[in-house]
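Spelled out from the first residue to the last, the chains are:
Number of protein chains: 2
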Amino acid sequence: MLDGKNIIGYDRTQRGSVTFRTINPVLNKENDTLFYEASEEEVEQAVSLAQKAARFYSETTHGDRAAFLKAIADEIMALGEDLIEIYCKESGLPEGRAKGERSRTVNQLKLCAELLDEGSFVEASIDTAMPDREPNPRVDLRKMMVPLGPVAVFGASNFPLAYSSAGGDTASALAAGCPVIVKGHPMHAGTGSMVSSAIISAAKKSGMPEGVFSHLNSKGHAVGEALVKHSQIKAVGFTGSHGGGRALFNMAAEREEPIPVFAEMGSVNPVVFLPEILKKEKEKWAKTLAGSVTLGSGQFCTNPGIMMGIKGSELEQFAEILTDEILNISPSSMLHPDIAGKYEEGKKMMHSQKGTAVVAEWKEKTEPNVGRQAILKVSASEFMENPKLHQEVFGPFSLLVECLNIEDLERSVALLEGQLTASIIGTSDELRGYDFLIGLLRDRVGRLIFNGVPTGVEVCASMHHGGPYPATTDSRFTAVGHDAIKRWLRPVCYQNCPDELLPVALQNANPLQLLRRVDGALTQSKI
Amino acid sequence: MLDGKNIIGYDRTQRGSVTFRTINPVLNKENDTLFYEASEEEVEQAVSLAQKAARFYSETTHGDRAAFLKAIADEIMALGEDLIEIYCKESGLPEGRAKGERSRTVNQLKLCAELLDEGSFVEASIDTAMPDREPNPRVDLRKMMVPLGPVAVFGASNFPLAYSSAGGDTASALAAGCPVIVKGHPMHAGTGSMVSSAIISAAKKSGMPEGVFSHLNSKGHAVGEALVKHSQIKAVGFTGSHGGGRALFNMAAEREEPIPVFAEMGSVNPVVFLPEILKKEKEKWAKTLAGSVTLGSGQFCTNPGIMMGIKGSELEQFAEILTDEILNISPSSMLHPDIAGKYEEGKKMMHSQKGTAVVAEWKEKTEPNVGRQAILKVSASEFMENPKLHQEVFGPFSLLVECLNIEDLERSVALLEGQLTASIIGTSDELRGYDFLIGLLRDRVGRLIFNGVPTGVEVCASMHHGGPYPATTDSRFTAVGHDAIKRWLRPVCYQNCPDELLPVALQNANPLQLLRRVDGALTQSKI
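As given, the protein sequences belong to chains A and B, one line each in that order.
The opening residue of the first sequence carries number 21 in my numbering; numbering runs sequentially from there.
The opening residue of the second sequence carries number 21 in my numbering; numbering runs sequentially from there.
Since the hints were derived computationally from the structure, they do not count as laboratory data.
Some hints could be false.
Because identical chains share one entry, a pair is satisfied inside a single copy or across any pair of copies.
[To be verified] The calculated lysine to any residue pairs, modelled on SDA-like cross-linking and capped at a C-alpha distance of 20 Å, are:
#1 K506 - D463
#2 K119 - P157
#3 K506 - R75
#4 K249 - E274
#5 K239 - M214
#6 K506 - S140
#7 K546 - E303
#8 K224 - M97
None of these values were measured; they are calculated from a predicted model.
Could you build all of it, start to finish, from the sequences and the hints given here?
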C-alpha cells in the first residue's frame, strides 16, 4: 500500500531525487518504505491545483463538506490494522495510544462535520435596509465568514494522526472551505501518507475537486519554505518547535502579502502549589504529577515542565513521594532517535545550570531511544536569574522551583513567558486568597487550570488550546475545539445584494436554518 | 485651552525640545499653538502607566467601562464650538463635516457602551463537567474573551475625530478593557489634544486608573516606532498610507514577541459597470460617481479610485455626463499642503503613464491646497500591464478602465490587489449572469457593493471595513462597527475553576444576563 510517493491532487508522483526512510525507534532501525522528497515542481503543482480548487470548493454546501469529512473518517477507519501497525512502527508509541489517537482524529472530523451542519461558524449577521431613516437611509448589509483560500498544514512529530494529515488543522480548514496541502512530518511519513490516501479516496467518492487536498513528503526545509512563501497559500497551520514555528512566522510576515501563521510551539505549563494543599493532599498530587510528567514519554505540548511551591518540609515530603511515584513508572520509547537525543541534551543542559539538583532521575540503562524521566529542582532566585531554566525540555522532565514565600513565587510567575496552560493547586479556602497570583497566571496563559494537570485536552467548544507568545504565534486563536475553524476564515460584507445572488447563509428565507444576528437580535426566523 | 503638551496619564508634560505647529490649509498658514514632540522618556512613562493600569482596568465591570465611554462622549460634546473651530482650522474641512464627524465619534463611543451593556462580545462559552463520562470524565471548561493589554493607536490624517484620539480604535480598545496610548496625527495635533483632554476628564470623573489613556504628540517617526517596539504594547491600530502601515507591521512582526497590527491602508475601491445598466441609468450613475469621487475632496479610504466598463458608445456617453457632473462641483481644500502636494504628484504620475487620457479635469486656478478633481481613462490592456495604474491617488481622482469585453474586464479584475470594497453596477437581470465576476470581486474585497458607491460606511454589526492585503494587514478584522472590538481580545479558558473565582461572565448565576453557549446551546439561563 505504501509507495513513498507524493500525492498531488489525484496523482501520485516521485519527481525528485532526494529520498528518506522513517525509523522504528523501538527497534532502532529504519522502516522499509523509501519516501520521495517533493520537488519544487511538485510543490508548484500542488499549489496550482489547490488554487484552482479553491473557488469551487469554497462554494460547496455545508452538507457536501460535512459528507466529505465523514467520508474521510470512514476511509481512515477502513485502513484498519495497517494504519495502527505503521503508526506504531514509526512512532514507538503503543497500540493503545495509536487507537486512541485514531479515535480522536476521527472524532475531530465528525465534530467539524457537525459544525458544518449547525452552521453558526459563518457568523451570519444581517442589518436590513432602512430606506426612510433620517438624515441618511441605511443600506442593506449582510456579513458572513468566507474561507481564506489554500492552507499549508505542517504535520506534528508528536501526533502522527491527530495533528497530521487529517488532524485538527486539516479537518478545520477543510470544514472552513479551504483546500489543504499537508507537508508530512518526516518521522511518520508512512502514517501520514496512508491517511492522506484515505483523504483522497474520500474526496473522489464525495465529488470534491482535484486539488482540495495534497500531501508532500519532506525531510528538509525547502518544501515547507516554498509553501509558506507561495503567493497562493493564504494561511499556515503548524505544531512543533519554537525555532520552526518562528521561522515560518517570519517568512510569512516578510511576504509581499503577509499571511497568518498559526504555530503552536509548546510550553512549560507551570503547575503552582499553594501551601495548604500540600499539607492535605501531597500523595494525591505527587501521584498525579508523576503520571502527567511521564504520559506519552512526556511528549506533549501540555507536559508540566515546571512545578512551583513554597520551600519547606511539606514541599520536601511532596518531592519524596513524587520521587517514589515517578521512579515506579517504567520509561518508554520516545518518538525518534533525534527526539531522544535532544531530550538527553536538554536534561544535561538543565543539570549543568547553576543551582539545579536532582529530585528524581531514572538512571538504569534502557533500550535505545527510551526517555528516562527526571525531576530537578532549583531555587526561585536562581530561576529568576536564569532564562535557560524557563526553557522546555521536550520529554518526561520537570523542574521544581522552590520559592521562599508567596512573594517569591509571584515574582517567579511574573517572569514566565506566554504558556499554553498554567495550573494552580490549592484548597478551596486558600484559592480565595490568591487573586493577584491568579491574575498573573491568567495574563500568561491560554488555559488556566484549577486543581488539575495540563495533560488531557478536551475537544469541545469551550477549549482554548493556544496562549500568548511564545506558546503560539497568535494568542487569539485555538488549535483545538470548535473555534479552531476560525483560523481559516475572514468576514465579507454584502451591501444591497439581490437576495438570489447572496450566499444561502444570508438569504432572506434562511434555507440553512442558521441562528443569525438580524437587526441586532439572534434569530432563526426568515426575513 | 491648548497648551501643546503631551498627556501622560493625568500629567501634562513637555520634556522634549522638538516642536511643531499645525497648518490651516485654507489660509495656507501655521496655526498658533506650539506642540512638543514626545521624548523617549515620555513614551516610556506613558507605556509604564498603561501597563500598570492594565490589570485594574481589565477587571473593571462592563458597566464601569460603559459609563466611562459615555462620559467621554459627554466631555467631547462639552468642548462645544472650541473643538469645531480647531477642527476646521487644522483640516480645512467645513463646519458641517466637523459636526457630522463629531456625531459619528460620539455615536461610536455610545455604540461601544451598548456593546458592553449587552456583553456578548466576551463570547462566553461553558462546557460543564461530566464526572461520569466514560472512558474519561469531562472537566468543567469555561471560555471568554479577555483584553490583550495596552494598545497603541495612530491617529488618521483624514478623520481628525472619528479615527483619532477618541475614534473607532480607541473606543473599541477601551471597551475591550485595554489601556490606550494615542500617537496623535501631527496635522491635527490640536483637535487630537483637545479630545484627549476630554478623555482624561472622563477617566478622572469615572474613577479610572491613571494610565488608562495617554496622548503623545509626534511629527516624526520615533514616537510611533518606540511604541510599536515596546514590549508592553500588545496591539496596534493604524489608519493611513501603505508605507506607514507596512512599516509598523514589519516592526511588530520583528519583535521578540510579535503583536498584531491592524493597519487600514486604503484602497482604490473599483466600481464595475455592467453593459445593460449604462443603457438605462447612465445619468444617475454619472451623477452618483461624480459626488462619490469628490466627497470630502476625495480624502476617504473608500474613494472610488477605479471605474471599469465595456468600451463603446454607452460608456462614452456615461463619461461625457460624468465630465459635466464632476466639473460642476467646486473643488475644495485638502487636509494639508503635504496631502495637496502628493495629490498633484499622483495625478501627474497618472498622466505620464502610457495610454492614459483625460476624461475630465479641473484646470482653473484655485486657492492653495485645493484638490482639483480629475478623471483619466486607460484601456484594460494597458491597465493589466502597468501596476502603477492600480495605485491609489489619494484625492478626488478616478481612473476609468475601458475593457473590450467581459473577458477583458474579468482579467482586469483578476489582477486587482486586495480592496476594502468593490462595487458592481448592473440591472437586476444582468447581475444574475455574472456569477464568475462577482466571485472574483468577492475574493478581493472586504465589502461587495451592489448598485452603490463605496463612500458612506455604516457603523453597525454587519459592516466589515477591512479586506485582503494590501487594503489592510489583517483581513480577518474590521475597523468599523460592532466587531471592531474583536481586534483587542483573546480567549482564555478556565478549567475547573471554583464559581466564586470565575469572572462574572462565566459564573453559574449569570449575573450579567449574558447570552452564553452552555453545553452547546445558546442560553441566558443560570446553570
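Checked hints:
Within a single copy, K506 and D463 get their C-alpha atoms only as close as 22 Å, which misses the 20 Å cut-off; across copies the closest is 18 Å, which meets it. Taking CA atoms no more than 20 Å apart as the test, K119 paired with P157 passes between copies only; the shortest distance there is 19 Å, against 60 Å inside one copy. Taking identical chains as interchangeable, the C-alpha atoms of K506 and R75 lie at most 20 Å apart only when both belong to the same chain, with a minimum of 19 Å there against 28 Å between chains. For a Cα distance limit of 20 Å, the shortest separation of K249 from E274 qualifies both inside one copy, at 9 Å, and across copies, at 17 Å.
Taking identical chains as interchangeable, the C-alpha atoms of K239 and M214 lie at most 20 Å apart only when both belong to the same chain, with a minimum of 17 Å there against 60 Å between chains. In this assembly of identical chains, K506 and S140 lie within 20 Å of each other by CA distance both inside one copy and across copies; the values are 11 Å within and 17 Å between. When the C-alpha separation of K546 and E303 is checked against a cutoff of 20 Å, the pair qualifies neither within a copy, at 59 Å, nor between copies, at 36 Å. In the homo-oligomer, the alpha carbons of K224 and M97 lie at most 20 Å apart inside one protomer (17 Å), although the nearest pairing across protomers, at 63 Å, exceeds that limit.
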